[in-house]
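Visitor: Sequence:
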Amino acid sequence: MKEENDVPLNKKEAELIRLLVQHQDWLSAIFLAEALSTSTRTIRNYVTRINQHTKTELINSSRQGYKLKKDVRIEDILSQNNTELNTPKERMNYLMNLLIQYREVDYFEVAETLFVSIPTIEKDTLRLRKKISKYQLKVIKNGHFLSMKGAEENFRKLTSDMLQDEAMHNFQSLDHIQTIFPTIDIDVLQTIVVDRLSSRNLYVNGYAINSLLLHIAIAIDRLVHHQRSDIENISEIFSEEQLEHQIALEIGKDIHQAFSIEMDLYEINNLTLLLMTKISSANEDFLKSYMDTGIYSFIATTMNTVAEKYFIPHTSDDLVLNLTLHVSNLISRAKRGKQVRNPLSEEIKQSYAFIYEVAVFIAKQIQKQMSISISDDEITFIALHIGSYFEEKFETENKLSCIIYTPEYYDMHKRLVYKISDTFKPSMNILAAFYRLDGHSIDEMKKVDLVLTTIELKEIPHAIQISPFLSRKDSEIVQQALNRAKQQKLINNLRESIQTYLTPERFERNIYLNSESSYIDYLAAKLVASKHIEPAFIELIKEREKMSATSFNNSVALPHAIEMSANKTGISIILNDRPIQWGSHYVQVIIMIVMNQGDMKKFRQLFDFMIDTFSNQEKLRRLLKVGSYEEFIEELFFE
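Under our numbering, the sequence shown has 12 at position 12, and the numbering climbs by one with no breaks.
Some clues are possibly wrong.
[To be verified] Here are the computed lysine to aspartate or glutamate pairs in the EDC-like style, where the Cα-Cα straight-line distance is at most 16 angstroms:
| no. | residue 1 | residue 2 |
| --- | --- | --- |
| 1 | K489 | D449 |
| 2 | K349 | D376 |
| 3 | K425 | E505 |
| 4 | K69 | D25 |
| 5 | K89 | E57 |
| 6 | K458 | D438 |
| 7 | K67 | E122 |
| 8 | K602 | E444 |
| 9 | K619 | E634 |
| 10 | K134 | E496 |
| 11 | K619 | E631 |
| 12 | K131 | D106 |
| 13 | K70 | E122 |
| 14 | K486 | D449 |
| 15 | K138 | E152 |
| 16 | K138 | E153 |
| 17 | K67 | E57 |
For the record, the hints were derived by calculation from the structure and aren't laboratory data. Computed from a predicted model, the values in this text were never measured in an experiment.
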């Protein structure tokens, strides 16, 4: 547990406290801003963040400026932060980001920028070399320049892993949003949005809700600080029948009642557009036609450039739509000289260095194109959009898709949906909640991995019936269903993978050769002929075999290379009626797997599946009876 004054300070905040300690008197915001080479607004943000992270305020403020409270042990705070400031890990990540972006850097300049010695940077470089070695990337030193070398697909793998590592830490949690806007009760705002969506039988998942809440909180904060749009002649662009517009008007009224803030037509139009990005993908064409064509095209082009420059996968129209809406408002604020504040700027910058670096690049493109100035706070909001998008993407890839069906009954249906969402968040991605049955809802239910329902649904074979209260017994039933669905999804994925990687011409019966090396040459030759690997790759397989034989349980040999550097993933297989010796075992199945770096996550699944399958003697007996590729695939996955 953290102590009362255990404040995670950044470098500038620590310097601010040192100045206040040295003077032991009131210091004006102007004096502090000049001393720290920043703005008075940033000084206010530093003070706010420091005070928010302690139970009792460390810094007093008045018209005279800022002064430390007398009863606070400042020495303890600064000593705790000395080990946290500019850590080896932070420097290594900073250096890695530079090398990914520019491929070559002057490490004298890096040392000067980070206020560290050349030997320190050299130690950081050693750490970096160790980190990227598993990606077959190298840091090369030439004079006082460093460069990163390697194949493009390996750069892609590195950046994809970096994105996933950073994005999978509740990047855009409600706690983050509440910290940014301490005067806006985010729980109340969430209740307003969820209730209004539920009243129209609509559900959006947690990530979409958080993104929506961030947008609305920015709008409320802007209105609280009297930054209403000065755009003249704002027109009604949505009809009264437009569902999202109706919901936006209702949310606007609720916000007015809860926060005493009137959402004008400009804000209602923006909220309608935001709801359209969250509720239905069918709205995309309309959104694109409504948006400023120049800004939308610019953001789409910028994101393509980002994908190329940072080797980022998975960008989509969804991200472009959300960023375009945000950037449109950002440009409007900048042109009027009005900015939103974000106390998390330094925290995001330090904790999510790679995502923040991507946001900085996007901001630079916007500044250049639109001739405006963009603050650190605005860059952080761009980072939040990018981070939450990738958080949702990576989470969705690793979860089962689910739809909930429960008829409306007072507020019970709302509580059930969000109780399920909260209970099974780590393993389930709820795509929708339906409260009445019709052709559309049934069609959608057929597409997902699992349906949870409070009413029997005979037409949906993967529907699991639970009570409207989600009892302990219900939770156990759902967990068992999740486990079964996960296993079935894994089997389906394995079947698809094996049928993709193993083709009929690389499936053979009864090939008898005189050594393990001969079998490796024979199987690998087919993979060379199909351009899965280069001839030199064969030696990598043999080197792995020399380290330790790849035969298992007197049934199967799985020759493979440690390196995942095949041109593309492929499998060759031989089934023999008579056992042949492989290492210390006798085997009847020889399976060669060559992997491309991009399929690395599938390797362990394939490897384990092959060993488990061919170690089952009854399963092995049946597989050895098959005579064709088609029979082999059917028997392999027959339960």
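Visitor: Where does the structure disagree with the numbered hints, that is, which hint numbers, in rising order?
Guide: Result: hints 3, 5, 7, 8, 10, 12, 13 break, sorted rising.
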